[in-house]
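Residue numbers (numbering that gives the first Met the number 0), protein chains in the order written: chain H, 0 to 240; chain Z, 0 to 182.
Accuracy of the hints is not assured; some may be wrong.
To be verified - Partial list, computed: chain H residues near chain Z (C-beta under 10 Å):
1. Glu-17
2. Thr-80
3. Val-99
Hint data in this document are derived by calculation from the structure and do not stem from the laboratory. Keep in mind it's a predicted model, so treat the numbers as computed, not measured. Virtual Cβ for every residue (Gly too), placed ideally from N, Cα, C.
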Amino acid sequence: MTSMKVIIVDDERLARNELKRLLSKHSNIEIIDEAKNADEAAIKIKEQQPDAIFLDIHMPGSTGLELAESLGDDVNIIFCTAYDQFAVDAFSLNAMDYLVKPVNPERLSDAIAKLEIRLEQSKKQTSLPDDHKLMVKYGETMRIIPLSDIIRFESIGNHAAIYTPHGKAFLHSSLNKIEAKLDANHYFRASRSDIIRLDAIESMEQAISYGLEAKLSNGQTIEISRRQATKLKQLLEFTQL
Amino acid sequence: MFNKQPDSALNPHFIFNSMNAIRYTIFQDQDKASELLSELAHLLRYKLSDGKIATSVQNELSHITQYLSLEQLRLEERITVKLDGMHLGEYLKLPSSVLLPIVEKLLHEKDVYSVFENTLNLTCSTTNSGILFSLCLEQAPKLKQGDIDFSNELSSLDGAVKYTLKQELTINSYKMELELNKL
């Protein structure tokens, strides 16, 4: 089961907490952040690129509808508001769903299922095949390599370092954008700063932080966060077959 | 009851947002949630009889206190409410709910939900022959300008209670004074 990263946008703390409480029952949802107004949300969405946002409409400053309009199709939006008077406007902005507060847990489950299907479909459409060719610059030399040559992506500011048999190079892209293009059968998000190729893992050990330490085929040791280690174990369980 | 006009019914945003906040409070503080649910129930019951029963200034003030306590639950640090003289007005009868709809309309018209800082002072004091009910709302960064038309809310007082209304606006504050006197 793929984890879906979401941000909650609501001006009321209790409303955010209530939604967090309801979402905590969904193991496939990871709340990566929250925002109490549209301006704060716009920055966090740009930085963290969630799979979806749960968005209130009536907030101080810009409204949720204005934020949705500015985001366009960049992120899936599930409106979550007290009353259905804005539903028509919301759906005209291509909202994925519209929930009314207090949120009915079954409606929330439906919205999450819909989100999962949409993300799976877009992943199928966008994930690159293993033999996809990439032009990569190593110092002054340009090389064309297959995607499968990359055994690790490391986040460095707004860039990503890649590790290949030819050495280290850089891509002008964020780790979240890269992850969205990768096939989850071959690559795994080890932590906020690393994506690793699954068949490049030679061995793993328990880490002091209760996560895992993975030794890669190029000799590097990468820490897998506690949360991601649990997911990796689930992913590689025999019962998944 | 679910009419969108706040002068004739509780605003649906208020009802559903309050329910949502109370539902979360159930998991944090059951006693508090129970108290808030009673307050919401009292308000809804009061509103269901809106316009049908006579009331008193004191009864109205008690419902305003419940209403504002629910608004504070949701808006937290974004609204500061100061109340004074809320025990007054037991003997001044009103033909129907008037003061609560006035407070609701003020919050709605000045859109406290879209403003980062609101301070509401509600004062009730006795005069020679009645009660002076005053509301002062300060907003930051700025106040939504314009007087508020309370003619609908006050119409039920005609022929029952003598009243005078004054409204005053500055860049950051709105003030209204309603003097109610027995006929």
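Report task. Against the structure, test the hints numbered earlier, and report the numbers of the ones violated in rising order. Result -> none
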